[in-house]
Amino acid sequence: MNGLRRHFNGRTAVIAAPFLFLLAFFLLPFLIVGKISVSEMETVAFKDVLIVVDGAVQLTLKYANYVFLAEDPLYLETYLSSIQYAAATTVLCLAIGYPFAYFMARAKPTVQPALLMLVMLPFWTSFLLRVYAWRGLLTEGGWAHSVITGLGLDHGLAALGLIAAPGQLIHTPFSLVLGMTYNYLPFMILPLYANLAKMDLRLLEAAADLGATPWVAFWTVTVPLSKAGIIAGSMLVFIPCIGEFVIPELLGGPETLMIGRVLWDEFFSNNDWPMASTVAVMMVLLIIVPLAIFNKYQAEAQERTR
Amino acid sequence: MPPTTPNPAFLQIQDVVKDFGATRAVNNVSVDIAQGEIFALLGSSGCGKSTLLRMLAGFETPTAGRILLGGRDLATLPAHERPMNMMFQSYALFPHLTVFENIAFGLKREGMARDRIAAQVEAMLKLVQLSAFAQRKPHQLSGGQQQRVALARSLAKQPQLLLLDEPLGALDKKLREQTQIELVNIVESVGVTCVMVTHDQEEAMTMASRVAVMSEGRFLQVGAPAEIYETPATRFVADFIGNVNLMDGTLDVDEPDHCVIGCDDCKHYVGHGITGTAGMAVTVAVRPEKITLTRAEPAGEFNRVPGTIKELSYFGSFTVFHLQLASGARLKVSQANTQRHNDDRLTWGDTAWASWSDSAQIVLTQ
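Line by line, the protein sequences give chains A and B.
Residue 137 in this note's numbering sits at position 137 of the first sequence; the count goes up by one each step and never skips.
Residue 323 in this note's numbering sits at position 323 of the second sequence; the count goes up by one each step and never skips.
Just so you know, these hints were derived from the structure itself, not from any lab.
Here the structure is a predicted model, which means the values were calculated and not measured.
Quick reminder that beta carbons are idealized off the backbone N, C-alpha and C, glycines included.
Treat the hints with care, as some may be off.
Stated by the list, open to error - Listed below are the simulated BS3-like cross-link pairs for lysine-lysine, each with C-alpha atoms no more than 27 Å apart in a straight line:
(1) B:K267 with B:K290
(2) A:K227 with B:K108
(3) A:K227 with A:K296
(4) A:K198 with B:K137
(5) A:K296 with B:K137
(6) B:K137 with A:K227
What the hints assert, rightly or not - Listed below are several chain B residues computed to face chain A (Cβ distance under 10 Å; list not exhaustive):
(7) R54
(8) A57
(9) H80
(10) M86
(11) F88
(12) Y91
(13) P95
(14) L97
What the hints assert, rightly or not - Among the chain B residues that face chain A by a calculated CB cut under 7 Å, a handful are:
(15) F59
(16) A79
(17) A92
(18) H96
(19) T98
Could you build the full structure based on these sequences and the hints that come with them?
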């Protein structure tokens, strides 16, 4: 009886710990942010949302910020371009990460840990340093700049509208997406690798036996079976990319609108906390929708493997 | 030993060798398989049977030797171009596709028209009696149903050769026995030549028209199931297939029409001559069911031995007695339980005489 109770309590504690953590450090702050977004600002303090006037509780919600957010095209444009850059980054990460993860998963078991280590190696240096390094590489005189301009690739990029003019690589959509792809690539590779490594290779033999060339077998068996990995990797790249602030700040330019920078501006340049909170709330909602879809997918995948 | 087959050889395996690094998985194997045959590769795990099957399918390349199908050398054909299909061990059904799509997979690769694919898949589903399950995913099926989907998938392309890798290994005993017959019926109704791999001798014996007993990459004996059982060529095969009593002895008399072999506990009179010289060491093998157990002493001086019943295993339809002989050796005797009640039933501790006919023994010289 005593042992049973201890077992039960231990299990509850293990489950409760992360929940409490999220409650205290995500849900409550988010509610506070939500509250600020509908509060009126009086010089340095916020008016309380709930006040008691003449013995009656009075609820004051100021939704003007949300209206403003919907009316000012800047915000909508910024949200859309954030999604665009995040989507472009996700597609690039997938295009680069999938073959990488695939060959890593099919490499000799003895080399796999080393390859895995190489993928995670960048995490050993500061994120900020790595982004800064790209500034050095992409400005005139940097290695990457020399190679790209030397090969004349900058003319192609300019023609595609990814850079303002040949020779100008930094502070462009190109440098922004390059920086984000570089930074988020491991988040794409790791779930894909985990998924591809556990794939039953006899299924590929079965496909070959039934007349599928390796190429056809890849598209009809490997890719559909790695769907869960593709979704997990894409979510891990896409979601943080939408709200990314540091990379757009350091590598982006004036025309690369990202919601993270707008948020920063509202908070620290305009000192308009309610507006900043409104932007933040909308951003979270924007992220929760794809996450909900992802969770639904995962639940279904779990159902399938059962 | 290349066996002679009445029909012209359809599948020819010629001097095939497969090395994995320093280990020789398949060692100089040759056999001709006729059209319509169900040929079983029987052996314990690691004997090279699966490697041989994988070479047929094209998943492994022989180190040496040739494999011909209908006279055509398969060496240059990759797996996906070979006119044969395989039913994989634990089936390897595509988990993301429905039963219908699994069976249609191979047909789609041929670029067959959609309506013809549907018709062929329907026919296959009917063949394995799974028409109602077309839209299920593999994980929604029982083991036996998955097995039938795998069979349907491997037959859908009407292959010239069907390869079965431990086809019933994933099923439990009762279901396996039912399915063995069902599988043979389906394979025979389609008329496809079939090579199967199994470690289960009952499976090989009931399903195959011919069996190759494999050990350490070699064929020890190739023959019909009854041939392998009743006339094993070597001590290993006799011991591997079924139950057997092995008695070491010396060839005393060797005449064209009979021979006499002296063993520790008894003298064998064998009703045929063997190729050997008097005085050579031989092994006499007698199957337990070929021995009779009586209380009364049988007549004559040959083919009989007294002993004490030390163990007794009742199987329902028959009972296996373990007889302790004078030398300390044990003799297994299996007696059919033909009567429901027997007051004079032999039991533990009883002394009894075991005897057998002069055609019951197998004389092994190797």
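Going down the list of hints, with the structure as the test:
no.: 1; hint: B:K267 with B:K290; verdict: holds, 16 Å
no.: 2; hint: A:K227 with B:K108; verdict: holds, 22 Å
no.: 3; hint: A:K227 with A:K296; verdict: holds, 13 Å
no.: 4; hint: A:K198 with B:K137; verdict: holds, 20 Å
no.: 5; hint: A:K296 with B:K137; verdict: holds, 19 Å
no.: 6; hint: B:K137 with A:K227; verdict: holds, 17 Å
no.: 7; hint: R54; verdict: holds, 8 Å
no.: 8; hint: A57; verdict: holds, 6 Å
no.: 9; hint: H80; verdict: holds, 5 Å
no.: 10; hint: M86; verdict: holds, 5 Å
no.: 11; hint: F88; verdict: holds, 6 Å
no.: 12; hint: Y91; verdict: holds, 8 Å
no.: 13; hint: P95; verdict: holds, 7 Å
no.: 14; hint: L97; verdict: holds, 8 Å
no.: 15; hint: F59; verdict: holds, 6 Å
no.: 16; hint: A79; verdict: holds, 4 Å
no.: 17; hint: A92; verdict: holds, 4 Å
no.: 18; hint: H96; verdict: holds, 5 Å
no.: 19; hint: T98; verdict: violated, 12 Å
In this structure, only the earlier hint numbered 19 is contradicted, and the remaining ones agree with it.
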